[in-house]
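Using the hints provided, position chains B, C, D and E relative to the given structure of chain A.
Protein chains in written order, with the working numbering: chain A, 12 to 194; chain B, 586 to 1102; chain C, 6 to 107; chain D, 45 to 685; chain E, 236 to 737.
Hint data in this document are derived by calculation from the structure and do not stem from the laboratory.
A virtual CB, placed ideally from N, CA and C, is assigned to each residue, including glycine.
A portion of the hints provided could be inaccurate.
Straight-line Cα separation of at most 25 Å, DSS-like style, residue types lysine-lysine; simulated pairs [what the hints assert, rightly or not]:
| id | chain 1 | residue 1 | chain 2 | residue 2 |
| --- | --- | --- | --- | --- |
| 1 | D | K495 | D | K155 |
| 2 | D | K155 | B | K1013 |
| 3 | B | K1013 | D | K495 |
| 4 | A | K175 | C | K92 |
| 5 | D | K605 | B | K1013 |
| 6 | C | K92 | A | K174 |
| 7 | B | K988 | B | K1081 |
| 8 | A | K191 | E | K271 |
| 9 | A | K175 | E | K276 |
| 10 | D | K581 | D | K560 |
| 11 | B | K1014 | D | K204 |
| 12 | D | K204 | B | K881 |
| 13 | B | K691 | E | K683 |
| 14 | D | K71 | B | K1026 |
| 15 | A | K191 | C | K92 |
| 16 | D | K204 | B | K1022 |
| 17 | E | K595 | A | K174 |
| 18 | D | K70 | B | K1026 |
| 19 | E | K615 | B | K691 |
| 20 | D | K398 | D | K495 |
| 21 | E | K595 | C | K92 |
| 22 | D | K155 | B | K1014 |
| 23 | B | K1026 | B | K881 |
| 24 | D | K411 | D | K568 |
| 25 | B | K1014 | D | K568 |
| 26 | D | K155 | B | K1026 |
Listed next, with one range per pair, are the computed distances between beta-carbon atoms [to be verified]:
| id | chain 1 | residue 1 | chain 2 | residue 2 | range |
| --- | --- | --- | --- | --- | --- |
| 27 | D | I609 | E | V619 | 44 to 52 Å |
| 28 | E | S686 | A | G105 | 44 to 52 Å |
| 29 | D | A113 | E | V619 | 48 to 56 Å |
| 30 | D | V88 | B | P861 | 55 to 63 Å |
| 31 | B | L1040 | D | E597 | 23 to 31 Å |
Chain B regions said to be covered by chain E (calculated; three or more residues, Cβ under 8 Å) [claimed, not checked]:
| id | segment |
| --- | --- |
| 32 | 647–654 |
| 33 | 724–734 |
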Amino acid sequence: MFEAIAFYLFAFLTIAMFYITVTTSQALYALTALAAGMIFISAFFFILGADFLGAVQIVVYSGAVMALYAFGMMFFDTTRDVKEKQGNKYVVVGLSTIAAVLVVLIFMAPIISENITAIYPVGDGGNTQEIGMVLFTKYLVPFEVAAVMLLVAMISGIVLAGKKMDESLTLQSEEEINEKDNK
Amino acid sequence: MVDHILSILIFFPAVAAVLGFAVHKDSIRAYGIFIAIIEFALSLWLWFCFDSTVSGMQFMEHLPLVSSFGINYILGVDGISLFIVILASFFTMIGIASLGEMKDIKNMIITLLFLQMTMVGVFVALDAIVFYIFWELSLVPMLYIIGAWGGPLRIYASVKFFLYTFAGSLVMLVGILFMAYFYYQATGVWSFAILDWYRLILPETFQLWLFVAFFIGFAIKVPMFPFHTWLPYAHGQAPTIGSVILAAILLKMGTYAFIRFSLPLFPDASVFFMFPIAILAIIMIIYTAMVAYGQKDIKQVVAYSSVSHMGVIILGTFALNVEGITGSVFLMIAHGVVSGALFFLVGVIYDRRKTKLMSEFGGLASVMPIYATVFGLMLMASVGMPLTINFVGEFLSLLGFYKQSHILTILAGTAIIVGAIYMLTAYKKMFFGEVTKKENKNLPDLNKRELVALLPLVVITLWLGIYPKPVLEPINNSVEPLVQLMHDKAISEEAKKRIPNLSKGVEIIKTPTQEVN
Amino acid sequence: MMEIGLNHYLVLSTILFAIGLVGIMRRKNLLMLFFATEILLNSVNVAFVAISHFYGDLTGQMFAFFVIAIAASEVAVGLGLLILWHKRHNNIDLDSMSTMKG
Amino acid sequence: MEKYLYIALFAPLVGSLFAALFGASKKTLFAGIIPSFLIFVSFVASSILLVYVLKTGSIVHVEMMTWMATGDLYIPFGFVVDQISVTMMMVVTLVSTVVHVYAIGYMDHDKGFNRFFSYLSAFVFSMMILVMSDNFAGLFIGWEGVGLCSWLLIGFWYHKESATWAANEAFIMNRIADLGMLIGIFLIYWHTGTLQYAEAFAAMPDLDPEILTWMGIFLFIGAMGKSAQFPLHTWLADAMEGPTPVSALIHAATMVTAGVYLVVRSNELYALIPHVGLFIASLGAFVAIFAATMALVNRDIKRVIAYSTLSQLGYMFAAVGLGAYWVALFHLMAHAFFKALLFLGAGNVMHAMKDELDPFKMGGLGKSMKGTMILMTVASVALAGIFPLAGFFSKDLILEVAFIDQHFIIYGVLLLTAGLTAFYSFRIIALIFHGEDRHTSLGHHPHEAYKFMLWAMSPLLILAVISGFLFKGGFFEMVTQLLPATEYHIESVTTYWIITIGTQIFVLIAIFFAYKKYMCKSIKVPDGTSAMENSFKYKLLINQYYIPHFYEEYLTKPYRKLSIIFWEKIDMKIVDASVDGIAKAIYATGEKTRGMQSGNLSTMLKWMVAGLVILLSLAVVFGLAARHSVEIGTILSGLGV
Amino acid sequence: MNPVDISIESLNLITLAPMVIPIIGALFILIIDMFKGGLDKSLYVMLSLLFLFMDFGALLNAAGLFSQSGTMMGVFDVMLIDGLAIISQFIIVGASIFFIPLVLTNKRFHESSYPEYFALFLFMIGGFQFMVATDNLILIFVGLETASLALYTLIAMHNRNRSFEAAVKYFTMGALAAGFFSFGSMIFYALTGSIEINQIAKVLEADNYSNIGFVLVAVVFMLASFGFKLSLIPFHTWAPDVYEGSSAPMAGYLSIVPKIAAFVVSMRLFEFLIHSNIVWVEIVLYITVVITMTMANIWALVQTDVKRMLAYSSISHAGFVMAAILISTTQANSALFLYWILFSFTNLGAFAMLWISRQKYLPAGQSSDQNYEKFSGLVKTSPVAASIMALFMLSLAGLPPFALFWGKMYMISSAITGGYTILALIMALNSAIAGYYYLKLIVYMFMKEPSVAHEQSVNISSNITLSLKTIIGVATIGTIFAFLAVNPILEFVTAFVYKSGY
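This is chain A alone, in the form it adopts within the complex (with noise of 0.2 Å):
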C-alpha cells in the first residue's frame, strides 16, 4: 500500500518536473525542475531497493551535473528568455504521443517470462557492499573503460572549453601563426 502511495506520487512529481523542464521557457525554471526530477527519481530507486544507485543519482546528478548546468547557464546568460518558434508543433507532439502510446501499449501486457534466472542475484549483505562486488569482479572491466571515459570527457572538456581555443590556427595564415610564434 505504501509502496502504491510512493509510486504514484514520485511517478506524478518526476512526470510533473521533466514536463515542467520541457516545457518552460524559463531555463531555470527548466534546471530546478530537473533538478528535482532527478531527485524524484532516486526515491524510485530507494524504493526499489537500490541504495546505492539512489546515492549515486542524487550525487552525480544533483550534484555534480547540476553544478555544471547551473555554471554554464551563468556563462551563457540564459536567464533571458529564449524564444522557441516552433516549426510544426503537430510534429513533435504527435511523434512523441505516437512513440509513447506505441511503447506504453506494448508494455501493458505482462512481460516477464519463466525462464529467467537471475544471473548476479540479490543477496543478503547491503546493496552497496554486493554492487561493489559485481562492479569490481564481473564489470570490472567497463568500470575502468568508463572511467577512460570520465578522463575522456575531463580532457574534453578542458580542451574545448580552454584558451587555447580562443585562436584557430585552422583560421590563421602560417605567416600570422609563424609571427605569433616569435613573440
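Same frame as chain A, but now just chains B, C, D and E:
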C-alpha cells in the same frame, strides 16, 4: 615468350604508357608510334604462331587470382578472338600514327596505350571476372578521350556513354555472379572460368534469366536498339581517333561477348530469344538506317550506319549455325576496318573545315580526288559491295540466318538497300555537284599521314574481300566446335533442331554435369 | 492497481522517455535540449532498476550505474562544445546552426 | 585453254588499273588506247575460246582459288567457258572493244578521259566475271560489280545534279532487285547445299516444287532489276545521263541483258517451273509494249533508244519465259550489236549537236552526217526486224515462238510492239536526219564524227546486217548443247509465210507511217500548245505513265519524311528522351528531397524520432499480427479471403 | 559474503592487451605533455604510431591465439575475442595507423597543436576496440561513448565554425542515439534478464520468441541507435554536415572506423534474429538497406561539394554493406569485412587527396572547402594528383580492377548466394547511379578548363608533405593492386568469420 605472349600483348602497352609519362611531349608521338608498332608486330607474331587448324584455345595462361573464390587469370585466344586482337593493335597503331596536331597529345597517346591494354584484355580473357575487368576498364580511357578532346557536347556525351554502358554491365555482373553460383551449386567449387562454365548445362528457365542479364550488358555495348542512343552522341562528339577506335573495336566487345558467353552458355535461351533478338536486330538495321538517312551531319550518318551494321552482326550471331556465326565474326572485323576507315575519312574533312555538316560541302570530288576515291571505296565496302571485306561477312551472316527464318532475312536483307540509300545520298551531297562554298575550293587532298592511316585499310578491305580465307578459316575452325557444343548442350527439342549437329563430330570435352534445380 | 508491478515502472519509464523525446524535438535552446537528453537516460535508469529489482538481479543496477556515468561525461563534453559555440556566436540557439545543409 | 580464259578475264582489269593510275591526272591518250587494246586482247582470247568450244564441243572450267569456305559453304573463284558464256563473252568483248575505240574519240575533250577508261574497263571486267563465273556467288560479284561501274559511269559527270541523281537511282533500284537475288542464292544454298551451277541444278529436280518456285521468283526479281523490268524500269531511262558510249555498252548491249543471261543460265531451274516462266513471258510482253508506247512520244533520242532497249528486253524475257532460251540468247546477241550501233550513232549526233538531245531541234542532219545516218538507219532497220537484217531472224523468231506455243495474247502484244518499234525507231531517224533543217536557227553547226569512230562502229554495222542469217544455224548448234534444243517451226507452211510476210508488211507500214508523219515540212519544235500534247494519252506517255512521279511522291518523299521523323521524333524524343528522362528523374528526386537535410538540428532530431516511430509502428503491427495470427486467420478465412 | 577468490589465469587478461595498449599510449602522451610542453606534433604522431604498431602486434598475437583455440572469453567473460573482434580491430587499428599521420601537413591546423589530440585519438581507438571485443551491452555502450566523446572533441578541435556546428550536431544526435541504445538494452534486459548478446539470444531461443512484440521494440531501438552510427536513412542526417564540418582526415576516419565497430555490433545483434527467421527484421532491414543505398546516392548526385558528396557516398556504401547483415551468411559477413578493408584504402586515399588540397581561406567564388570547381582542369596543372584522385573515384564507383570492385562483387555475389536476387540487382544499379557523381569529379578534373579565378589561389597540393605523399602512395598502390590482396584477405576473413560462427 610465346607462352606468355597474351600477357605481353596486354601489359606491354600499359607498361609503356606508364613509362610514357616520363617522355617529353615533343617526342611522345614517336614513342607512341614505336610502341604501337611493336605491339602490332607482336600481334602479328601471335597470328604467325597461331595454329589455325586447331579449334580450341591456344596460348593459354593460367594464374590464380582470387583462388578461394574461383577467380583466375586465364587467357587464351582462338580463331574468334585472334583477329579482333590483331585489329585492335592495328587500329591503335594507325590511330596514333595519324594523330594530327592537337592539344595534350601526350595525354592522348598515353590514354590510347591504356585503351589498347583493355581492348586486348577483353578479347583474350577466359575468366568472366577478368573479362569483366577489362570490359569495364575500357570505359575509362574512352571517357577521357571523348570528354577531353570532344566537341561542344563532349561532357554530356562522354558521361552518357560511361554511365549507360556501366549500368548495363553491372546487370551483367549480377548475371556473371549468378552463373558462378550455379556452377558452385552444381560442382561445389567456385569458378569463373568460361571454359568450365561451358560444361555446365543449365535448366531452361535459369538460362532465360541469365541470358537476359547478360543481354542487357551486351546489348548496350553493341549497341542494340533501343539502347543505342548513347552511340550517336559519343561518335558525334568524340575526336576522330575516339570514334575510330570506338567503332572499330569497342563496339565489337558486345557482339564478341554474345558469341563467347550467351550462345555457348545458354543455347536454349539463345534459341528462345532468337526471334525477338532478330526482330530487334532488324529494327536496328532498318530503323537506324533510316535515321542515318535523316542526318545532316556526316559523322552521325556513319555513326548510325555503324548501328545498322551491328544489327547484321547480331543477326548472324543468332543464326546459331556455322555460316552465320563465322560470318558475324568476320563482319566484326570487316565492320571494324570499314567504319574505322569511314570515321578516319570524316576526321580528315573535319580537320580541314571544322565542320561535319554535309550541307557545307559539295563537289569535293573535283577538289580532293584521292580523298573522294578512298571515301568512295569505303562507302562501297560499307554498302556491301562484293570483293570488299564487308560483303563476305554480311553475306555469310544473312545466309546463316536464312536457315532460321525466311521472312526475317528478307527484311534484314533490306540492309543492302537502305544502306545504299543513306550512304549514296551522303556521298552525293558531299562529293558530287558543283563546288558551291568558296572555303572548299582549295582544300588540300589527303596528306601523307592520312594516307599512312588509310592505305592499309584500303588494302585490307580489298585483300580480305577477295581472299578472306586466312581469316575465315581459323574463325570457322573455332566456330564449329562452338556450334557443336551448343547442340550438345541444348535441352529442348526446338533448340536441338535449330542448332545444327555437325556431322564432322568435333571433339568436345564432355563431363557429366549435374542439373541445377 | 494498487499492486505495483514491473509494468508500472516500465510504463512510467516510457512516459518519461516520451517526455524526453518531446524535449529533444521542441527545444531550440541547446542547453535545454541537453536537459532533455538527461531525461531520456534517467527514464531508462528507472526501468533498469525496477527490472533489476523484480528479477532480483544486480545487472540492471549496473547498467543504470554506467548510464549515470555516461550521462555525466556527456554533460562535460556537451557543455564544452556549447561554450565554444557560445564564445563565437554569443548564442546557443539551435536555429543559428544551419550553415551546412542540402 | 585456261591461259586464254585468264587472259580474257583479266586483260580488262589490267586495262582498268592502268587507266586508274592516271585517274587523277590530265588526259593522256594512251590511258585510252592501252585499255582499248587490252579489251581487244580479251576479245581475241574470247574468240580463241569460242573456236575451241565450237571445235571440241567441250568446255573450259577452272577454279582459281577459294573465296569463302565455312561450315558446309564452299565458294571458289571458279570460271567456266561453255557455249552460253562464250557467247556472252564474245558479245561483251566485241561491243566493248568497239565502244572503247569509239570512246577515245567521243571523250576526246573530256577532263575525265583517263578516269572514264578506268571505269569502262572495270565494267568489262565485272561483266566478264558475271558471265564466266561457275557459281551463283561469282555471278553476284559480277552482278554487283557492273552495278558499281554503272553507278560510276552514269554519274560520270558528277557535277551534274541529274547525273548523280540518276546514278544513285540506278544503284538503289538495282539493290532492291539484288536483295531478291541474294535471297534466291540463299534458297539455293540451303536446299542444294552448294552454289555451283552444275551441282545445284543437278540437285534441283529432287526438290519440292514450291521451293523451286520461290527460287525462280527470287532469282527473277534479281534479273528484273538489272534488266529494268517493270516496276523497276525507271532507272534505265534516267541512266541516259551517262556518256553515250556508256549507254551503248552498259545500258544497251551488255549489263541490262545480264538478267536474261541469268534466266538462261538457270534454264534447268526454270524448266522445272513453267508457271513462273509464263509469268516471266507475260511480264516481258507487257514491258515490251509498255516501253514501246513510252518511246513513241519521247523527245530525247537517247531515252527513245533506252525505251527501245527496254522493249527489246521484254522480248527476250518473253522468249525465256516461254522456254526458248536459245532464242532469247540469240536475240540478246543480235540486239547487242544493233542497239550499240544505234547508241553510238546517237552519240555522234549528240556530239555534232553539242549535246542537244531533242530530235525536234535537229532535222536534215543527213546532209552533214551521212555516215552516221547510214549507220543509224541500218541499225534501226535491224531493230525493226526487216529481212535480212539481224533483227528479223532473232525477233521474229520470238514472235514465232509465242505463236507456236499458242500464247496468242503474248504473240499479239509482241506483234503490235514490233510495229510500234518500227514506228518510233524511224520517227527519230526521220526527225534527225530528214526533213527540214531546224537546228541552224538554234545556232548548231553539226559535223561528222571522227573517221576512226565511224570505222570503229563498222564491225557492229556488219554484224547487225549479217549476224542473223549467218550465225543462226551455227549458234543453234552450239548453244543447244547446253540449252533445250527446241526447234521452232510452224507446222503449216502457209501459216508460216502468212505470219512472216504479214509481220514484215506490218512493220513496213509502221515505218512508212513514221516517215510520213515526221518528214513533213510542218514539223516544228513542240511548245506544249498543240492539241496532241495536251491530250491525256500524250501526257500519260510523256510522263512515263506517271510512274516516276508515283515513286517520287509515294516512296521517296515519304521515306525521307519518315526518316526525319524517326530521327527527330522517335530517336531523339522517345528513345533518347526516355533514357535521359530516367536520369533526369533521379536527379530531380535528389533536388526535390534534399530539403530533408535542412541543416537544422531540430529537424534532424525529428527525423531520427520519426524513423523510430515508423519502425515502432511497423513493429507493433507485426507484433499484434503475430500475437493474433490465429484470430486474423479465422477472420480472413471468414471473409473468404 | 564470501571473499572472492579468482585465479589470475582464469581472467585471461591477454584478451585485454590490444585495447589497453592505446590507452596506455594515450596516458603516456598526456604524461609527456605534463613534463615538457610545446613538443612538435611529429613526436606525438610517431608515439601514437608506435603504440598502434604495438597494438597491431597484440592483435596479431590474438589472431594467432584465435586460430589455434577459437573464440576466447576473458575477464569474467566480459571480453569476447572472436574472429569478428579481431578482424574489426585490425581494421580499426590499421585505418588509424594511416589516418593519424595525416596531421603531418605542411600547413598548421589547430588540432595538431594539441598533444591531447593524439591522446584522445588513442582513447577513441581503445574505445572502439572495447566496443567490438565484447558482447556485453554495457561494455559496448561504455566503449561506444568513450570513443564518441573523444570523437566529438576531435571534430571540434579543428576549431572553426563549421567544425563546432558539426560537433554539436553529432553530439546531440549521438546523445539521442545513446538514449535509444539504453532503452533498447533495457527491453532486452527486461525480456531476458541478461545484457549479453549471446545470452539474450539463448533465452529468446529457449522462450521461442513468445514475446515477439517486445523483441521487435527492442530491435527497433537498437536499429535506431546503430542506424545513427551507421548513418542509415533516416538516421543519417548528421553525416553530411559532420563530414563537411570536420577536417578531411577526420571525415575519412568517420566513414570507416566508427562504422566498422557499429557493423560488428549490429552483426552480433541482428544475426541471431535473422537466423531465427523473424521476418520483420528481414523486411525492415531490406527496406532500410535499399532506401539508404538509393536515396543517399540520389542526394549525392546533387551535391556541389566533394566532401559532402563523399559523405553521402559513404552513407550509400554503408547501406550497401548493411545488406551483408541482412543476408547474414558466412559469405556475406566475410564480404562485409572484405568490402570494408578495401573501402578503407580507397577512402583513405580520397580523403587524403582532399586534405592535401585544403586551403585555409575560401577563395572568392568558392562556397565550401572542396567544391567541384576547385578541381576544374586539375589534369592540366597537376596530372598526377588528378590521376590519383580519379583512381579513387573509380574505385569508389566500383570499377574493376580497383579495390572496391572486389568488395562490391563479393557482396553482390553473397546476395545472390543468399537468395536475394532483387537486392543484388538493386545493389548493382545503385553502383551505376553512384557512377555519376564520382564521374562528376573526374569530369571536372579532366574535361574542364582550369578556371582563371582559381589558378592563383588554389594550389592543389599546398598541404603536402612527404608523409602525406607516402600515405597517398600506399592508398594508391593498395587501390590499384587490390586484386593481389583480395585472395589472402578473403581467406583470412572467411576463416575467421566462419570460425566465429557467423
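Hints and how they fare:
1. D/K495 - D/K155: holds (22 Å)
2. D/K155 - B/K1013: Holds, at roughly 20 Å.
3. B/K1013 - D/K495: With Cα atoms ~37 Å apart, B/K1013 and D/K495 exceed 25 Å; violated.
4. A/K175 - C/K92: holds (12 Å)
5. D/K605 - B/K1013: With Cα atoms ~19 Å apart, D/K605 and B/K1013 stay inside 25 Å; holds.
6. C/K92 - A/K174: holds (11 Å)
7. B/K988 - B/K1081: holds (14 Å)
8. A/K191 - E/K271: holds (20 Å)
9. A/K175 - E/K276: Given that 25 Å is the threshold and the Cα spacing comes to 16 Å, the pair holds.
10. D/K581 - D/K560: Answer holds: D/K581 to D/K560 is near 21 Å, not above 25 Å.
11. B/K1014 - D/K204: holds (12 Å)
12. D/K204 - B/K881: holds (22 Å)
13. B/K691 - E/K683: holds (17 Å)
14. D/K71 - B/K1026: It holds: about 22 Å lies between the C-alpha atoms, which stays within 25 Å.
15. A/K191 - C/K92: holds (22 Å)
16. D/K204 - B/K1022: holds (16 Å)
17. E/K595 - A/K174: Within the cut-off at roughly 21 Å; holds.
18. D/K70 - B/K1026: holds (19 Å)
19. E/K615 - B/K691: holds (12 Å)
20. D/K398 - D/K495: Holds, because 18 Å separates the two Cα atoms, which is no more than 25 Å.
21. E/K595 - C/K92: holds (21 Å)
22. D/K155 - B/K1014: Holds: D/K155 and B/K1014 sit about 22 Å apart, inside 25 Å.
23. B/K1026 - B/K881: holds (21 Å)
24. D/K411 - D/K568: holds (19 Å)
25. B/K1014 - D/K568: Roughly 39 Å between the alpha carbons, so the hint for B/K1014 and D/K568 is violated.
26. D/K155 - B/K1026: It holds: about 18 Å lies between the C-alpha atoms, which stays within 25 Å.
27. D/I609 - E/V619: 44 to 52 Å: holds (50 Å)
28. E/S686 - A/G105: 44 to 52 Å: holds (48 Å)
29. D/A113 - E/V619: 48 to 56 Å: holds (53 Å)
30. D/V88 - B/P861: 55 to 63 Å: Holds, since D/V88 and B/P861 (Cβ atoms, about 59 Å apart) stay within the stated range.
31. B/L1040 - D/E597: 23 to 31 Å: Since B/L1040 and D/E597 have Cβ atoms about 44 Å apart, the given range 23 to 31 Å is violated.
32. 647–654: Since 6 is at least three, the answer is holds.
33. 724–734: Holds: 6 residues of the segment 724–734 of chain B have a Cβ under 8 Å from chain E.
Hints 3, 25, 31, counting from the list given before, are not met by this structure.
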